[in-house]
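Quick note, the sequences are listed as chains P and B, same order.
With our numbering, the residue at position 327 of the first sequence is 567, and numbering never jumps.
With our numbering, the residue at position 40 of the second sequence is 279, and numbering never jumps.
To be clear, the hints were calculated from the coordinates, so they are not data collected in a lab.
There's no promise every hint is true.
[To be verified] Calculated pairs, DSS-like style, for lysine-lysine (alpha carbon to alpha carbon, straight line, at most 25 Å):
{"hint": "1", "chain 1": "B", "residue 1": "Lys-321", "chain 2": "P", "residue 2": "Lys-556"}
{"hint": "2", "chain 1": "P", "residue 1": "Lys-474", "chain 2": "B", "residue 2": "Lys-384"}
{"hint": "3", "chain 1": "P", "residue 1": "Lys-369", "chain 2": "P", "residue 2": "Lys-357"}
[Said to hold, decoys possible] Covered by chain P, per the in silico footprint, the following chain B stretches (three or more residues, Cβ under 8 Å):
{"hint": "4", "segment": "304-318"}
{"hint": "5", "segment": "343-356"}
{"hint": "6", "segment": "422-434"}
[As the list claims (entries may be wrong)] Some chain B residues flagged as far from chain P (calculated, every beta-carbon gap over 12 Å):
{"hint": "7", "residue": "Asp-256"}
{"hint": "8", "residue": "Phe-258"}
{"hint": "9", "residue": "Tyr-259"}
{"hint": "10", "residue": "Asn-296"}
{"hint": "11", "residue": "Ala-360"}
{"hint": "12", "residue": "Asp-477"}
{"hint": "13", "residue": "Asp-490"}
{"hint": "14", "residue": "Thr-493"}
Please read all numbers here as calculations on a predicted model, not as lab measurements.
Beta carbons: idealized from backbone N, C-alpha and C, even for Gly.
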Amino acid sequence: MNKNKEKLLNSRYRAEKRFQFYGKSAIFLALLFLTIFIFKIFSTGYTAFQKTWLIVPVTFDAETMYLDENPSKEDLEDADYFDLALQTMFNLDKSATEKQQNDLKRMVSYFFEREIKRELLNDPSLIGKTKDVYLTASDDLDQVFKGNYPRDLPEDQRRVTDYQLKIFDQLVEQGRVESKFNLSFFTYPDSREAELAGIASSFMGSIFSILVCLVIAFPVAVLAAIYLEEFAPKNRFTDFIEVNINNLAAVPSIVFGLLGLGILLAVFQLPRSTPLVGGITLSLMTLPTIIIACRASLKAVPPSIREAALAMGASKMQTTMHHTVPLSMPGTLSGTIIGLAQALGETAPLILIGMVAFVNTIPGSPLDPAASLPVQIYIWAESAERGFVEKVSACIMVLLGFLIIMNLFAQIIRHKFEKKWS
Amino acid sequence: MKKNGVKMIKINSKNVDVFYGKKQALFNINLDIEENQVTALIGPSGCGKSTFLRCLNRMNDVIDICRVKGQIIINDFDINDKSCDVVRLREKIGMVFQKPNPFPKTIYENISYGPTIHGMAQSKNEMDEIVENSLKKAALWEEVKDRLHEPGTGLSGGQQQRLCIARAISVKPEVILMDEPCSALDPIATAQIEELIDELKKDHTIIIVTHSMAQAARVSQNTGFFHLGELIEHGSTDKIFKNPENKRTQDYITGRFG
Numbered sequence: 241m242n243k244n245k246e247k248l249l250n251s252r253y254r255a256e257k258r259f260q261f262y263g264k265s266a267i268f269l270a271l272l273f274l275t276i277f278i279f280k281i282f283s284t285g286y287t288a289f290q291k292t293w294l295i296v297p298v299t300f301d302a303e304t305m306y307l308d309e310n311p312s313k314e315d316l317e318d319a320d321y322f323d324l325a326l327q328t329m330f331n332l333d334k335s336a337t338e339k340q341q342n343d344l345k346r347m348v349s350y351f352f353e354r355e356i357k358r359e360l361l362n363d364p365s366l367i368g369k370t371k372d373v374y375l376t377a378s379d380d381l382d383q384v385f386k387g388n389y390p391r392d393l394p395e396d397q398r399r400v401t402d403y404q405l406k407i408f409d410q411l412v413e414q415g416r417v418e419s420k421f422n423l424s425f426f427t428y429p430d431s432r433e434a435e436l437a438g439i440a441s442s443f444m445g446s447i448f449s450i451l452v453c454l455v456i457a458f459p460v461a462v463l464a465a466i467y468l469e470e471f472a473p474k475n476r477f478t479d480f481i482e483v484n485i486n487n488l489a490a491v492p493s494i495v496f497g498l499l500g501l502g503i504l505l506a507v508f509q510l511p512r513s514t515p516l517v518g519g520i521t522l523s524l525m526t527l528p529t530i531i532i533a534c535r536a537s538l539k540a541v542p543p544s545i546r547e548a549a550l551a552m553g554a555s556k557m558q559t560t561m562h563h564t565v566p567l568s569m570p571g572t573l574s575g576t577i578i579g580l581a582q583a584l585g586e587t588a589p590l591i592l593i594g595m596v597a598f599v600n601t602i603p604g605s606p607l608d609p610a611a612s613l614p615v616q617i618y619i620w621a622e623s624a625e626r627g628f629v630e631k632v633s634a635c636i637m638v639l640l641g642f643l644i645i646m647n648l649f650a651q652i653i654r655h656k657f658e659k660k661w662s
Numbered sequence: 240m241k242k243n244g245v246k247m248i249k250i251n252s253k254n255v256d257v258f259y260g261k262k263q264a265l266f267n268i269n270l271d272i273e274e275n276q277v278t279a280l281i282g283p284s285g286c287g288k289s290t291f292l293r294c295l296n297r298m299n300d301v302i303d304i305c306r307v308k309g310q311i312i313i314n315d316f317d318i319n320d321k322s323c324d325v326v327r328l329r330e331k332i333g334m335v336f337q338k339p340n341p342f343p344k345t346i347y348e349n350i351s352y353g354p355t356i357h358g359m360a361q362s363k364n365e366m367d368e369i370v371e372n373s374l375k376k377a378a379l380w381e382e383v384k385d386r387l388h389e390p391g392t393g394l395s396g397g398q399q400q401r402l403c404i405a406r407a408i409s410v411k412p413e414v415i416l417m418d419e420p421c422s423a424l425d426p427i428a429t430a431q432i433e434e435l436i437d438e439l440k441k442d443h444t445i446i447i448v449t450h451s452m453a454q455a456a457r458v459s460q461n462t463g464f465f466h467l468g469e470l471i472e473h474g475s476t477d478k479i480f481k482n483p484e485n486k487r488t489q490d491y492i493t494g495r496f497g
């Protein structure tokens, strides 16, 4: 008898140990995947925050710019810098053939003309003088300099010619190649050229979409939740509504995209590709999340508080607005932020309403066409150029950073304001 | 209190039945409550004494499935009548609950809430006065006067309960209902509250539900004994405790069940 008991006890201990082992290995696996994922993104993405510049001597020759003597500010503004810019690049190798000159031109971005112009506009006294100017290197050379480009491929499989590599190596030797923080990644809109592509338009697009989403979803969801939780009679009809709100939260997001396409764009003729439409579509998706969070936190307010207010002669409305709703706000707000964070990472519905269009302007309002961060990732991931590979990872990092900040904020709100009432 | 030798009746309940869904919780309760006296309602758990108490300020309205039948007449007015405004009624009939439930706000805001929503103070000074008087009446002023703007939830259990009493009397109710106000408190806090109840009966009619027969004997002038949803016996506390008419009352008082 005693032996049996001991056996039973031992097997219980073993069962617990086994269970703990399974739990620990599950956590270990999850952490492992997460680490691999983050490591992969960081290792491919961190180079995107550096940008390679070629430092090229530019001789601001008035004749090449077809300028008269003593040009005014307007003249400088209107002058033709293309020949000057071309000449600058050709000067790197004076004995270049025509084909090689073409290669030389392709060593910098097509912004080189503008970069030279900006230099002169900043300092008009440079006319007739020579100055070193920073020119954005082409994305291929950028990748070569960062060591991401396999130089040992045969030339016909490379986008960089042997000639370009030769000139580039010379420049490196002369210290005329420099890597600096890639500010343009944050300030430029999207571009077909990887070296010029930035996240400004998609970042602003995301911000505007989220704001529209917040402005629409939050009041509607909170009002719906308060009514359902505090005022609505409990009957079959309200049960039906509750079940369907929960169902709505589980609807695949692409369905909301179709709804946006079919109703907002087709019926209401709202401007396509804009954060306004994107935000409305996302708000449909966020609505059930906020309703559920708000109802849960209303439910969590102890009934004794409601009774206390009612017994003081507060009306139902006063009880709700003075006591229940303020007490439920921390939970509601953190639920809202988590809903918004979900919306921020949403891609499919935005693709359907046209926010996947190539936008090379920075939107100034929710009515301007824009992309969004996750869609930007999608667009870049589709591009063939090597320069976009690191951009994809960098954009993911920005998006993740954004999400982490939002979730942190949700946590802070919850902890800071919930302390009050225990 | 007697006026011209006649006991003044504050609350008069006639044939009160209460149902939770299909289950009947109170059967034909007829009970008169005397003005400016403490009436204790005693009885074993689940006997319906709290349910009856909650009928008096219509707190049972909150429970969807609860229905109340019969008349409860306060100041010549049936509170179960459709024309009765619940908000006005609850201004006149305050309530203190079993568990102290101060609002998660400051002590000051806890007291000022009732007067604010009922528009009882015209100025800040008036409100300060109401708050001070209420706290003094609840014997809490000395303990909290220096920290009126600290959260009420930071007080001890007994202080919280006195805060709730102060909150209830801030709107000058005619009747105060107390639902086992001391069941969550230690003996010292209980003694303070009992003393307070005795003081409060000068200005208010008090009805207290209690599990403790000793407490009922200490604080009340009248007692009603409930059992299984019926009012078995009521009368002066002296009589109920010393000379009960009903066998069940006697058994309960002497501790044979309950």
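Exercise for the section: Give me the numbers of the hints this structure contradicts, sorted from smallest to largest. Expected result: Of the numbered hints, 2, 4, 6 and 10 do not hold.
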